[in-house]
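Protein chains: 2
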Amino acid sequence: MIEIDGNRLNARIDAFAAIGATQKGGVNRQALSEGDRQARRLLAELGAARGFSIVQDPMANLFIRRSGRQDNLPPLLIGSHLDSQPSGGRFDGALGTLSALEVLESLEDAGIETDRPVVVVAWTNEEGCRFAPGCMGSMAFASGRIPPEWETKLATDGAPFVGELAATLESLPMADMVGLGFPVHAYLEVHIEQGPSLEASDIPIGVVGGIQGTRWLDVTVTGQTAHAGTTALAYRRDPLRALTAALSSLYETVMPADPDARFTIGRITVEPGSVNAIPEQVRCTVDLRHPDQGRLNDLEQRVASMIATEADRQRCSALISRSFDMPPCTFSNVLQQAIELAAKDRNLKSASMLSGAFHDALFVNRVAPAAMIFVPCRDGLSHNEAEYVEPRHAVAGCEVLAAAALRLAGNA
Amino acid sequence: MIEIDGNRLNARIDAFAAIGATQKGGVNRQALSEGDRQARRLLAELGAARGFSIVQDPMANLFIRRSGRQDNLPPLLIGSHLDSQPSGGRFDGALGTLSALEVLESLEDAGIETDRPVVVVAWTNEEGCRFAPGCMGSMAFASGRIPPEWETKLATDGAPFVGELAATLESLPMADMVGLGFPVHAYLEVHIEQGPSLEASDIPIGVVGGIQGTRWLDVTVTGQTAHAGTTALAYRRDPLRALTAALSSLYETVMPADPDARFTIGRITVEPGSVNAIPEQVRCTVDLRHPDQGRLNDLEQRVASMIATEADRQRCSALISRSFDMPPCTFSNVLQQAIELAAKDRNLKSASMLSGAFHDALFVNRVAPAAMIFVPCRDGLSHNEAEYVEPRHAVAGCEVLAAAALRLAGNA
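Listed in order, the protein sequences are those of chains A and B.
Counting in the working numbering, the first sequence runs from 3 upward without gaps.
Counting in the working numbering, the second sequence runs from 3 upward without gaps.
Misleading hints may appear alongside valid ones.
When chains are identical, the list treats them as one kind, so a pair holds in a single copy or across two.
In silico lysine to aspartate or glutamate, DMTMM-like type, Cα no more than 25 Å apart, as pairs [what the hints assert, rightly or not]:
1. Lys26 x Asp117
2. Lys26 x Glu5
3. Lys26 x Glu273
4. Lys26 x Glu282
5. Lys26 x Asp159
6. Lys346 x Asp327
7. Lys155 x Asp347
8. Lys155 x Asp111
9. Lys26 x Asp300
10. Lys155 x Glu201
No wet-lab data here; the hints were simulated from the structure.
Keep in mind the model is a prediction, meaning the values are calculated, not measured.
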């Protein structure tokens with residue numbers, strides 16, 4: 003058994019929330035910005051003050067390492083990220099990173115030796131807002147290389163990726179440098195759910211079994227623009243009529259028929275976009291998710307054929323292309339069981355669930371067993387300055403992480 | 003019987019199309035621009051060269067007047083407009099204005115005296131693109147005043163309305179000034195159909211019985227944005243799902259059930275508009291048209307209740323407001339009969355029809371009997387650089403205008 007210091011954890015969350023704080027109580031601490039550097043520095047200083055070693059890799063992934071009795075065994079890795087959305091919350095990423103630091107400090111406080119080293123990680127650019135894509139740090143860690151095309155990337159504010167990365171690395175002169183990717187025994191990440199289900203069922207611990215597959219489609223339906231007043235029905239080739247018929251039918255069937263499916267239209271644009279003109283062309287995005295790759299394929303097929311059929315009925319043409327394709331990921335059963343047991347030890351109710359959003363764990367899972375611990379957030383709100391986690395839930399997530407970490411790092 | 007000069011008419015159409023010509027064969031000659039002034043000057047010079055008097059009013063409506071035997075009787079007014087859309091065609095407006103000039107010149111060529119004066123008019127800013135609303139010239143003529151709120155209007159290019167109007171008036175120093183609005187015996191306007199029905203039924207002359215009523219609605223449906231991946235169906239309040247359900251049902255019923263109804267969605271916007279976010283809010287415009295005011299009221303009611311019902315089903319709220327409301331207009335039966343007779347005299351097939359678009363005739367109709375003559379345009383295209391009228395159809399429209407004008411101006 004290991005006792006964590008809940009007050010210290012919540013005080014740390016407050017301290018990090020002050021870096022890049024927004025007026026509405028949220029955080030703007032985008033990847034590789036000055037705020038992000040400040041947060042990394044604070045994390046490194048807190049780790050160094052306890053005598054842990056501070057290491058970073060060429061992607062500026064930051065590691066705080068506590069030695070094990072068999073110090074050359076692959077470490078147990080625990081952590082999350084410190085970067086935020088432009089108007090993000092105080093918990094997304096920071097909660098998992100600071101919970102991991104709290105585990106390291108609690109082990110130190112209690113003088114507990116582990117067989118394996120335990121390493122806290124803060125991954126670079128999970129959010130993907132200032133530089134796309136998200137999860138750059140864990141992606142590069144898992145593949146062992148920085149893709150050459152990233153070298154020419156520019157931030158939304160115009161800053162070059164290469165320069166911002168270099169400045170971030172330079173801002174931690176006390177850190178030793180390691181190569182990208184090293185053997186990992188297992189990876190655990192605490193994160194807020196970013197959805198409403200734990201709160202709704204009053205369960206403090208989600209044991210995350212995997213991450214849904216995601217596929218993004220770009221849909222274009224083209225008809226012919228014409229005057230709204232002068233064009234009778236028989237002469238219309240209205241792409242918006244085709245698209246609304248298809249979407250309406252998909253909304254009524256896809257999710258109602260399969261509770262694991264997600265079908266979202268986040269963006270529609272209409273050209274020419276004039277009140278008194280039948281549209282020439284409409285475009286929309288489709289976000290499809292499913293934990294099963296085969297069902298994801300079926301869904302894409304259904305969306306495509308429904309849109310093609312309705313376009314045809316309106317004498318329009320339809321074009322559909324994929325803009326993003328992330329296969330589903332399944333987390334380690336052994337790690338899930340370790341989390342379940344840890345929750346049971348702490349008398350905390352837990353439930354198995356899937357993550358609808360990507361996380362760094364998805365990429366780490368490609369090279370080492372990984373799993374995640376979710377805690378409830380108020381009203382399911384995230385990517386929002388009003389994001390909120392009750393202190394008792396933050397503490398519960400950290401306690402479960404600590405117990406599972408102790409089991410996985412070995413304390414025979 | 004009066005013979006018009008078809009070659010002269012078509013050559014004039016070409017000459018005016020050169021003013022503000024676009025690369026793709028269309029015209030950009032927006033209201034009160036330098037191109038518009040140049041076209042007015044050319045019209046005034048052509049009229050002055052034949053000895054007609056040139057007059058303008060404070061709205062820069064331009065009149066070319068040929069005296070009658072009883073010269074103080076209210077004149078027969080014939081014409082249209084010279085301004086164009088930003089990427090407009092060569093015929094919209096110009097055809098009617100130049101057909102009217104051709105009638106005046108043909109009367110002069112043949113030495114035919116009429117009882118009443120015949121006056122050609124080029125109305126200011128029919129299109130309403132550079133300065134909104136459209137039909138400013140005829141609207142001010144019909145009401146006898148320039149609405150004071152127009153004085154602060156700015157063009158889409160930032161130019162002040164007052165300054166551009168003054169410069170346009172000054173660019174015609176040879177024109178006498180008259181007050182806004184004067185008694186009119188009758189008004190006839192030739193115009194391209196801007197729709198496909200005459201061409202489809204191979205009829206060269208449309209006798210326009212009136213203009214549909216038009217009502218524009220702004221619809222806002224508000225739900226709650228949430229993560230596309232993490233939010234299960236039960237937690238969604240998706241305003242786009244509500245809107246597509248309502249629109250899809252309206253598309254399937256409104257126009258199919260009533261051939262006189264027009265239902266068009268020209269614009270949709272989605273907030274926040276992110277591929278992986280359920281929308282917070284969607285807005286769209288609705289363009290409803292019907293020749294019968296009661297049915298227009300019914301349609302608006304139906305749209306509102308359908309959207310409210312579907313918003314309710316998705317636990318969203320809906321807000322609907324009118325942004326424009328133009329009651330239907332019915333043209334003079336006497337004038338319609340005069341046009342029909344004129345077509346019959348010329349052995350031209352004609353058909354009664356309604357106009358789906360507004361025209362200056364709608365406003366003149368409020369103070370004098372008015373009617374319109376439509377001619378076919380290729381593929382129903384208008385407000386488009388590819389707009390095209392066959393020369394024989396331009397000539398046919400002008401012949402019918404000439405014959406009807408002679409009948410209405412009196413030649414006993």
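Structure-based check of each hint:
1. Lys26 x Asp117: neither (44 Å within a copy, 77 Å between copies)
2. Lys26 x Glu5: Neither: 33 Å inside a chain and 77 Å across chains, both beyond 25 Å.
3. Lys26 x Glu273: between (36 Å within a copy, 20 Å between copies)
4. Lys26 x Glu282: between (41 Å within a copy, 19 Å between copies)
5. Lys26 x Asp159: within (22 Å within a copy, 38 Å between copies)
6. Lys346 x Asp327: neither (36 Å within a copy, 66 Å between copies)
7. Lys155 x Asp347: neither (47 Å within a copy, 73 Å between copies)
8. Lys155 x Asp111: neither (43 Å within a copy, 73 Å between copies)
9. Lys26 x Asp300: Neither: 42 Å inside a copy, 45 Å across copies.
10. Lys155 x Glu201: Cα proximity of Lys155 and Glu201: none, with 39 Å in one copy and 54 Å across.
Hint compliance for this structure: hints 1, 2, 6, 7, 8, 9 and 10 are broken, all remaining hints hold.
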